[in-house]
Amino acid sequence: MADAVSVESLSRNYGDRLALDGVSFRVSAGECLGILGPNGGGKTTLFRILVTLLTPSAGRACICGLDVTIERHAARRRIGVVFQSPSLDVHLTARENLRHAGHLYGLSGASLEDRVVDNLQRLDLADRADDLVKTLSGGLRRRVELAKAVLHQPAVLILDEPSTGLDPSARRQFWQELQELRRRTGVTILLTTHFIEEADRCDLVAILDRGRMVASGSPAELKGRIGGDCITIQCDHAADLSERISRGLNCRCRLVEGDIRIEALEGPVLIARLMNAFAADVRAVTLGRPTLEDVFMQETGHRFEGGGALKEEVG
Amino acid sequence: MADQSALSGSGLWLSCRSLWKREMVRFLRQRSRIIGALGTPLVFWILVGAGLQRSFQLPGASGTMSYLEFSYPGAIAAILLFTAVFSTISLIEDRREGFLQAVLVAPVSRTAIVMGKLLGATTLAVGQGALFLMLAPAASIPLSWVSFLAMLGAMVVVSFAVTGLGFCVAWRMESTQGFHAIMNLVLMPMLVLSGAFFPHKGSATWLSWVVSVNPMTYGVSLLRHALYAGGTMAEAAHDVSTTTALAISLAFAAATVGLAVASVSRRSGEPG
Chain P
8 MADAVSVESL SRNYGDRLAL DGVSFRVSAG ECLGILGPNG GGKTTLFRIL VTLLTPSAGR
68 ACICGLDVTI ERHAARRRIG VVFQSPSLDV HLTARENLRH AGHLYGLSGA SLEDRVVDNL
128 QRLDLADRAD DLVKTLSGGL RRRVELAKAV LHQPAVLILD EPSTGLDPSA RRQFWQELQE
188 LRRRTGVTIL LTTHFIEEAD RCDLVAILDR GRMVASGSPA ELKGRIGGDC ITIQCDHAAD
248 LSERISRGLN CRCRLVEGDI RIEALEGPVL IARLMNAFAA DVRAVTLGRP TLEDVFMQET
308 GHRFEGGGAL KEEVG
Chain D
279 MADQSALSGS GLWLSCRSLW KREMVRFLRQ RSRIIGALGT PLVFWILVGA GLQRSFQLPG
339 ASGTMSYLEF SYPGAIAAIL LFTAVFSTIS LIEDRREGFL QAVLVAPVSR TAIVMGKLLG
399 ATTLAVGQGA LFLMLAPAAS IPLSWVSFLA MLGAMVVVSF AVTGLGFCVA WRMESTQGFH
459 AIMNLVLMPM LVLSGAFFPH KGSATWLSWV VSVNPMTYGV SLLRHALYAG GTMAEAAHDV
519 STTTALAISL AFAAATVGLA VASVSRRSGE PG
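Residue numbers (our numbering), protein chains in the order written: chain P, 8 to 322; chain D, 279 to 550.
Keep in mind the hints are simulated off the structure, nothing from the lab.
Take these hints with a grain of salt, some might be off.
[What the hints assert, rightly or not] To give an idea of the chain D side of the interface with chain P (calculated C-beta under 7 Å), a few residues: (1) Gln379; (2) Val383; (3) Val386.
It should be emphasised that the depicted structure is a prediction, and the values quoted were computed from it without experimental measurement.
Glycine included, C-beta positions come from ideal geometry on N, C-alpha and C.
With the hints as extra help, turn the sequences into a complete structure.
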């Protein structure tokens, strides 16, 4: 049984610039993979290759065992795509958009009508089905996009930055629908994101930075690599204090935007020692589990730019 | 490892028809486009025609043809051109972000994508041309069923050619502003230097030369021949035979449509 998605040593350059540099990964049927990376990390290039819109310079990418550059149409039948920018015709109704998409996938007649009605109902769009898309809210439009992408019952659903441009409640609802869809159909999901929180919801995460895949695994596995806990210390003179802490307690400190970050196997024990020695210099201490952002920083040696937090929403 | 492509006849027809239908629905839901495409050449034709009415005389002719009558096929050509521009402009937004990206990831042959668009634009252009044709009696042009049908055929050929051209330009454009700039630069001279609005006999040599290599000249000529099909027209109004006009117009249409299919296929490096 072939993997739902398999990518081997995939590269793509634009002139001298290597946008994607020897990326490899596999996704089994039914799994959900999040491709996490900052803007400009190579996510969009990878997405465009997987959805058959861009030819790789080297390596190969397969959907259900079908090479996306050779068996293009066969691969296209097996993928459903949700683009970051809307792909609906705003002058058509939701129903008309779905019907049109069905025709492009060779569906017609009563079986198409049944699927359109079924998809609109499942995504709770039945009462707005005959409104022009331009009158629908952003969240509703994204749901119509999803309904359209899965109309032909693809084996793999590929989404490019699905949360971008949605408000928090619309984003939550979109994720619920995605989970529900997965449970019902067993579809394999592959999505790109620059939101840490979104990657955390996936079974597997592949971290992409400057065209290279720097780490991959389940979120728990990746965070486990850091080992132990993450302590964040807020203080007034971080540089000075961090030096004193690393000398005094013999541990590695990192400065992150005016705070001190320490990774420790036994967080609470270290905090006790810390407060014993430096209580006067410390304003606040938080103890947390490592996040994918910590993983990113450890693997790349630099901060995760272009997001990381949902509130830093753009567009 | 043969690609089970989407080229089966019924799939091609289904997607092509669906893309065509979308063009129709969009057009009918945007009233400003109907007004713009039909109104512009009408106003142009009436104003210019009325203004030049007195000073116009066909060289060597006995003066039996009014300017409104002479420029009538040109006004039809203008309708076809304006409609082609309006219909292909949506490609620019559609392609980079929007509707077309979803079409391009569907298992649809690239030929169907181009043909859906061109058939849609041609239907609209010919439909508006036919409406305008009803005004022929107002310019004292007798319109028979034969000439009406001949005009429909000629309009289909010319429309395919100019929408194909519009498609090729729009496909390469990043912005609608750029598209307008190129269209003004290319299409307006093509229209003006086609013998549509002034007979080029008696004009400067270099100008006649430009007119004779302009494919639109033959399109306008084809429309002129069609308009008088089954009847007679002033000899001096044309100097290209029906066969030549038809052959060059068909070749022009085949070239622009072929180029459009090639452009769409090349982007993703796949066969049409």
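So, going through the hints one by one against the coordinates:
1. Proximity of Gln379 of chain D to chain P holds as hinted, the smallest CB-CB distance being about 5 Å (cut-off 7 Å).
2. Nearest Cβ of chain P to the Cβ of Val383 of chain D: about 5 Å, under the 7 Å cut. The hint holds.
3. About 5 Å separates the beta-carbon of Val386 of chain D from the nearest beta-carbon of chain P, less than 7 Å, and the hint is met.
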